[in-house]
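K.L.:
First to last, the protein sequences are chains A and B.
In terms of our numbering, the first sequence is numbered consecutively and its last residue is 794.
In terms of our numbering, the second sequence is numbered consecutively and its last residue is 274.
Hints listed in this document are in silico derivations from the structure and should not be mistaken for laboratory results.
Please note that the accuracy of each hint is not assured.
As the list claims (entries may be wrong) - Straight-line distance between alpha carbons at most 30 angstroms, and here's what the computed DSBU-like set of lysine-lysine pairs gives:
#1 Lys437(A) <-> Lys319(A)
#2 Lys138(A) <-> Lys34(B)
#3 Lys449(A) <-> Lys271(B)
#4 Lys660(A) <-> Lys185(B)
#5 Lys57(A) <-> Lys20(A)
#6 Lys200(B) <-> Lys660(A)
#7 Lys133(A) <-> Lys34(B)
#8 Lys234(B) <-> Lys47(B)
#9 Lys47(B) <-> Lys133(A)
#10 Lys319(A) <-> Lys133(A)
#11 Lys96(A) <-> Lys57(A)
#12 Lys451(A) <-> Lys284(A)
#13 Lys133(A) <-> Lys83(A)
#14 Lys178(B) <-> Lys660(A)
#15 Lys71(B) <-> Lys459(A)
#16 Lys451(A) <-> Lys271(B)
#17 Lys577(A) <-> Lys544(A)
#18 Lys133(A) <-> Lys154(A)
#19 Lys113(A) <-> Lys158(A)
#20 Lys451(A) <-> Lys234(B)
#21 Lys34(B) <-> Lys459(A)
#22 Lys787(A) <-> Lys71(B)
#23 Lys113(A) <-> Lys102(A)
#24 Lys660(A) <-> Lys34(B)
#25 Lys660(A) <-> Lys234(B)
#26 Lys577(A) <-> Lys620(A)
#27 Lys593(A) <-> Lys787(A)
#28 Lys138(A) <-> Lys47(B)
#29 Lys596(A) <-> Lys631(A)
#30 Lys787(A) <-> Lys234(B)
#31 Lys71(B) <-> Lys177(B)
#32 Lys459(A) <-> Lys47(B)
#33 Lys660(A) <-> Lys271(B)
#34 Lys185(B) <-> Lys451(A)
#35 Lys47(B) <-> Lys66(A)
#36 Lys185(B) <-> Lys459(A)
#37 Lys93(B) <-> Lys228(B)
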Amino acid sequence: MTATTSATGIGAPVRRKEDFRFITGQGQYTDDVTRPGETKAVFVRSPHAHANIKSIDVSAARKMPGVVDVLTGAQLATDKIGNLICGWMIHSKDGSPMKMSAHPALASTKVNCVGDAVAVVIAETIAQGKDAAEKVVVDYEVLTAVVDPAKAQAKGAPQIHPDIVNNTIYQWHLGEKKDVDAAFAAAKHVTKLDIVNNRLVPNAMEPRAALADYDVGTENLTLWNTSQNPHVARLVISAFIGMAPEHKLRVIAPDVGGGFGSKIFIYPEEVVCLWASRKVKRPVKWTSDRSEAFLTDAHGRDHVTHAELALDANGKILALRAKTIANLGAYMSTFSSSVPTYLYATLLSGQYNIPSIYCEVDAVYTNTAPVDAYRGAGRPEATFVVERLVEVAARQMAIDPADLRRRNFITAFPHQTPVIMAYDAGDYNASLKKAMDLADVKGFAKRKREAARHGKLRGLGYSTYIEACGIAPSQAVGSLGAGVGLWESAEVRVNPTGSVEVLTGSHAHGQGHETTFAQLVSERLGIPFENVSIVHGDTDKVQFGMGTYGSRSGAVGMSAIVKALDKIEIKAKKVAAFMLEAAEGDIEFKDGKFTVAGTDKSAGFGDVALNAYIAHKFTGAELEPGLKETSFYDPTNFTFPAGCHICELDVDIETGKVDIVNWTAVDDFGTIINPMIVEGQVHGGIAQGVGQALMEGAYYDAAGQLVTGSMMDYTMPRAHDLPSFHVGLTMTKSPSNPLGMKGCGEAGAIAAPAAVINAITDAIGTENIAMPATANAVWAALQKSQAPKAA
Amino acid sequence: MYNFTFHRPTTVRQAAGLLARNPDGKLLAGGHSLLPVMKQRLAQPSALVDLSLVEGMTGVELKGRSVVIGAMTRHADVANSQVLKDAMPGLAAVPGSIGDPQVRNRGTIGGSIANNDPNADYPAACLGLGATIITNKRRIAADDFFTGMFSTALEDGEIITKISFPIAKKCAYEKFKHPASGFALVGVFVSKRGPDIRVAVTGAGSNGVFRVKSFEEALKKRFAAKSIEGMTIPANGMNSDIHASPEYRAHLVAVLARRALAKANA
Numbered sequence: 004m005t006a007t008t009s010a011t012g013i014g015a016p017v018r019r020k021e022d023f024r025f026i027t028g029q030g031q032y033t034d035d036v037t038r039p040g041e042t043k044a045v046f047v048r049s050p051h052a053h054a055n056i057k058s059i060d061v062s063a064a065r066k067m068p069g070v071v072d073v074l075t076g077a078q079l080a081t082d083k084i085g086n087l088i089c090g091w092m093i094h095s096k097d098g099s100p101m102k103m104s105a106h107p108a109l110a111s112t113k114v115n116c117v118g119d120a121v122a123v124v125i126a127e128t129i130a131q132g133k134d135a136a137e138k139v140v141v142d143y144e145v146l147t148a149v150v151d152p153a154k155a156q157a158k159g160a161p162q163i164h165p166d167i168v169n170n171t172i173y174q175w176h177l178g179e180k181k182d183v184d185a186a187f188a189a190a191k192h193v194t195k196l197d198i199v200n201n202r203l204v205p206n207a208m209e210p211r212a213a214l215a216d217y218d219v220g221t222e223n224l225t226l227w228n229t230s231q232n233p234h235v236a237r238l239v240i241s242a243f244i245g246m247a248p249e250h251k252l253r254v255i256a257p258d259v260g261g262g263f264g265s266k267i268f269i270y271p272e273e274v275v276c277l278w279a280s281r282k283v284k285r286p287v288k289w290t291s292d293r294s295e296a297f298l299t300d301a302h303g304r305d306h307v308t309h310a311e312l313a314l315d316a317n318g319k320i321l322a323l324r325a326k327t328i329a330n331l332g333a334y335m336s337t338f339s340s341s342v343p344t345y346l347y348a349t350l351l352s353g354q355y356n357i358p359s360i361y362c363e364v365d366a367v368y369t370n371t372a373p374v375d376a377y378r379g380a381g382r383p384e385a386t387f388v389v390e391r392l393v394e395v396a397a398r399q400m401a402i403d404p405a406d407l408r409r410r411n412f413i414t415a416f417p418h419q420t421p422v423i424m425a426y427d428a429g430d431y432n433a434s435l436k437k438a439m440d441l442a443d444v445k446g447f448a449k450r451k452r453e454a455a456r457h458g459k460l461r462g463l464g465y466s467t468y469i470e471a472c473g474i475a476p477s478q479a480v481g482s483l484g485a486g487v488g489l490w491e492s493a494e495v496r497v498n499p500t501g502s503v504e505v506l507t508g509s510h511a512h513g514q515g516h517e518t519t520f521a522q523l524v525s526e527r528l529g530i531p532f533e534n535v536s537i538v539h540g541d542t543d544k545v546q547f548g549m550g551t552y553g554s555r556s557g558a559v560g561m562s563a564i565v566k567a568l569d570k571i572e573i574k575a576k577k578v579a580a581f582m583l584e585a586a587e588g589d590i591e592f593k594d595g596k597f598t599v600a601g602t603d604k605s606a607g608f609g610d611v612a613l614n615a616y617i618a619h620k621f622t623g624a625e626l627e628p629g630l631k632e633t634s635f636y637d638p639t640n641f642t643f644p645a646g647c648h649i650c651e652l653d654v655d656i657e658t659g660k661v662d663i664v665n666w667t668a669v670d671d672f673g674t675i676i677n678p679m680i681v682e683g684q685v686h687g688g689i690a691q692g693v694g695q696a697l698m699e700g701a702y703y704d705a706a707g708q709l710v711t712g713s714m715m716d717y718t719m720p721r722a723h724d725l726p727s728f729h730v731g732l733t734m735t736k737s738p739s740n741p742l743g744m745k746g747c748g749e750a751g752a753i754a755a756p757a758a759v760i761n762a763i764t765d766a767i768g769t770e771n772i773a774m775p776a777t778a779n780a781v782w783a784a785l786q787k788s789q790a791p792k793a794a
Numbered sequence: 009m010y011n012f013t014f015h016r017p018t019t020v021r022q023a024a025g026l027l028a029r030n031p032d033g034k035l036l037a038g039g040h041s042l043l044p045v046m047k048q049r050l051a052q053p054s055a056l057v058d059l060s061l062v063e064g065m066t067g068v069e070l071k072g073r074s075v076v077i078g079a080m081t082r083h084a085d086v087a088n089s090q091v092l093k094d095a096m097p098g099l100a101a102v103p104g105s106i107g108d109p110q111v112r113n114r115g116t117i118g119g120s121i122a123n124n125d126p127n128a129d130y131p132a133a134c135l136g137l138g139a140t141i142i143t144n145k146r147r148i149a150a151d152d153f154f155t156g157m158f159s160t161a162l163e164d165g166e167i168i169t170k171i172s173f174p175i176a177k178k179c180a181y182e183k184f185k186h187p188a189s190g191f192a193l194v195g196v197f198v199s200k201r202g203p204d205i206r207v208a209v210t211g212a213g214s215n216g217v218f219r220v221k222s223f224e225e226a227l228k229k230r231f232a233a234k235s236i237e238g239m240t241i242p243a244n245g246m247n248s249d250i251h252a253s254p255e256y257r258a259h260l261v262a263v264l265a266r267r268a269l270a271k272a273n274a
């Protein structure tokens, strides 16, 4: 590394380039974009969870001041605007395809959840739009609702979609049932748990927004949108919804303020804005308010699971089986079907050598908001099942929980699990040991006694998690039902002055790509970090790309950049060879300098870039001018970040309130580009995981009304709820991508819930407690566990 | 938000006159309860009468054996008042526990008391100290003022101008925060002023703030946590929601009362 890049290259904790504009209010988010003649869209939403629409009367609304148009689902159908779709096909165990209901962007005959849009007012101002929306008269015939996934399949449950019986989308399975049943029959010990993985509301800081602009002259449609994957949005909106040919539709996802998965999906609102803009021939903007976000953003999790673990007398795991009912809500969101199947059951081996695993998953419709990927997506649910089972088994068998984990850790790689995944690298003992040292597990007993003197029950909980990231080899996911490939693209454009633009198919919505991607380029080309710009999020600028989710931007997105940089180096060496009048094979490239091997003849990167464009040293027949390369990188495997989190907490005996006093996270993310950004990702992930474990929970009442519809009732974690984290790293490089990266964005959210619940149950001496473990819930559990003693 | 007319009187008299002329009008104090419901279109006042320019409605003053606080005094100003911190730190701690800095810098004591949110903190302090609520028309004892959830003894056109708190030698507030909103899931204010012993509870009761007479009786012997050790209150009449069961709220009343007593005696 040269002096110019060492402070900014791979492994340097470079301050984020993008933060100046974010923290000074200079970011350009979708709602900041305004177009001349812009109108506002206000949606008329169903107040009922389940109802037939008998009629919609928009005549009074049309006459309201400032109203440009009022549109309904009937017109949407007339204009042949297609339904929203789920793009991952899952087949049931009987071979039948999943049952995807129609999902029109505006409901015209029936509403299936509170917040379902039935009409849209296009008005000059939001206030005028809201006034007019109140004048839209919808005659509903209210139907009984079902919100509980465990009740959705019951006889007599209200049927949500006319052609889908028992509200069952699919009945899927993975693994060999016969082997698992045999292992259980022979097992010395069986641990059983009933687990609810609570429904969560994503709550990105920036609410969703869409601005559509139809150009009458060119018939081009432009959509500014809060999207994690603008090309995928364009593809779906064009190919499936039929809004416009792909080349006549431009999707721009400018600065996006957080997504956590919820902005992967194609939502009704952007479809309606595009359609409305074409109809009224003016720009149409919608920005969700927080209340709409609670009702209409795709929620996360919502699994009901019965799980069992079979062990021999020595605590060796023999088999695992699980039956899960996954609530997908009123409609199948864009990737919803994959989350409780291939992103969940494939991780049920955890870090352990488990000979056989069998998992059944029923996905059901309910009268609730759609559920789809949310930070971790399936992997937090799997980790929670595995880590709770292991912990409870250890306690039941009176084996130290860390020891039981050690006895079952996978230690040889590659390792083929019984549930598809082939782990390529890892050292689970190393992360456990380092975490136990950092957490001072040895001193825990003493701290527990000390806490007891202050009326506190202290507990300690482990979570030795694994996740599959770097999503994913296209052929593999194709064979599992994905409708797309999950490669990534990059274009590296070297300018004549030697500065560089990288056009990436990845999309940043908080991850800091403008910094980390520039660090990679700076190091590889030996040019100053400041001379690199990262361009993303505009389908007119950037070649087709797959976007950012599943902790894939490093392992897949940066690998594409590496490949393009390799090509740049090859081409630049050709240019340098002409400049230095040497054979191409004699040119060496190091620290931003091209040198003729064994001589002092050299050319700087900038000189070579200029010569590539002025093309004075070679003829067009010898070499094409220019220095710009594109690559599409398809990974060879998933990556498998793993680690150990240890939560130490106090329970106030009198109130049940939980205070986390110590958090240790030791993660193996493979190669790290920017340790500061990685640590930030870990912090944020833990905060979300602790939120799920202790605070967050989306509740619908029996009528399907969202009880937790605002920040006054839905508890988000706050800074004062969390301690300072002890963060450590171990490293095994991923052999599946050129940089050896694994991904870090979801780890905290995946690891944390089990660590918290293991610690609480350790503290209060119960086997199980449901999430969120609120003070009331912990207190109630304490009343039960301590009742005999008290009596 | 629906349209409304906006008035900014400079005297209480003008404000009362504006209210009389606008039967659907509302007083605007800090606005931190009113404006959110207006934004959600759940309230539609025809007029807002903003009290922020009315003179003589702010400040914390020592008057004899009482602390008198102007109705438009912001929570932050009450919390930071040296006069109050010296005279009665147990009361100064109450506004310091409300919401977040933004709320404390806008919200007012008069607004909070007039709104009588069943989870608000000030009603517990008023009832727990036997405060007097002073309006443009009369003086109302706290015991008569809080008449139920979001309801008070205030009549149409009546404006709170001051609240007078008798100085209690011993008093303290203990609050268990609602995890999402930061309001009191349960809050207990205890005080002892001569023979007058009070235990007032907010957040728990389905009818708003209330006194726990059984605790007060027991504390007459000795004003200490030990005097109510083992005592409970019935869960009947407690609020029930996703955040806390009636049993838990009733349990917290006893726990927080003991903790408040320990704090008051510290």
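K.L.:
Each hint should be assessed against the structure and marked as holding or not.
P.N.:
Structure-based check of all given hints:
no., hint, result
1, Lys437(A) <-> Lys319(A), "holds, 23 angstroms"
2, Lys138(A) <-> Lys34(B), "holds, 26 angstroms"
3, Lys449(A) <-> Lys271(B), "holds, 29 angstroms"
4, Lys660(A) <-> Lys185(B), "holds, 11 angstroms"
5, Lys57(A) <-> Lys20(A), "violated, 54 angstroms"
6, Lys200(B) <-> Lys660(A), "holds, 29 angstroms"
7, Lys133(A) <-> Lys34(B), "holds, 22 angstroms"
8, Lys234(B) <-> Lys47(B), "violated, 48 angstroms"
9, Lys47(B) <-> Lys133(A), "holds, 11 angstroms"
10, Lys319(A) <-> Lys133(A), "violated, 62 angstroms"
11, Lys96(A) <-> Lys57(A), "violated, 38 angstroms"
12, Lys451(A) <-> Lys284(A), "violated, 68 angstroms"
13, Lys133(A) <-> Lys83(A), "holds, 27 angstroms"
14, Lys178(B) <-> Lys660(A), "holds, 27 angstroms"
15, Lys71(B) <-> Lys459(A), "violated, 44 angstroms"
16, Lys451(A) <-> Lys271(B), "holds, 26 angstroms"
17, Lys577(A) <-> Lys544(A), "holds, 28 angstroms"
18, Lys133(A) <-> Lys154(A), "violated, 36 angstroms"
19, Lys113(A) <-> Lys158(A), "holds, 22 angstroms"
20, Lys451(A) <-> Lys234(B), "holds, 27 angstroms"
21, Lys34(B) <-> Lys459(A), "violated, 47 angstroms"
22, Lys787(A) <-> Lys71(B), "violated, 52 angstroms"
23, Lys113(A) <-> Lys102(A), "holds, 18 angstroms"
24, Lys660(A) <-> Lys34(B), "violated, 39 angstroms"
25, Lys660(A) <-> Lys234(B), "holds, 23 angstroms"
26, Lys577(A) <-> Lys620(A), "holds, 11 angstroms"
27, Lys593(A) <-> Lys787(A), "violated, 68 angstroms"
28, Lys138(A) <-> Lys47(B), "holds, 18 angstroms"
29, Lys596(A) <-> Lys631(A), "holds, 18 angstroms"
30, Lys787(A) <-> Lys234(B), "holds, 25 angstroms"
31, Lys71(B) <-> Lys177(B), "holds, 16 angstroms"
32, Lys459(A) <-> Lys47(B), "violated, 43 angstroms"
33, Lys660(A) <-> Lys271(B), "holds, 19 angstroms"
34, Lys185(B) <-> Lys451(A), "holds, 26 angstroms"
35, Lys47(B) <-> Lys66(A), "holds, 24 angstroms"
36, Lys185(B) <-> Lys459(A), "holds, 19 angstroms"
37, Lys93(B) <-> Lys228(B), "holds, 26 angstroms"
Hints 5, 8, 10, 11, 12, 15, 18, 21, 22, 24, 27 and 32 from the list above are not met by this structure, while the remaining hints are.
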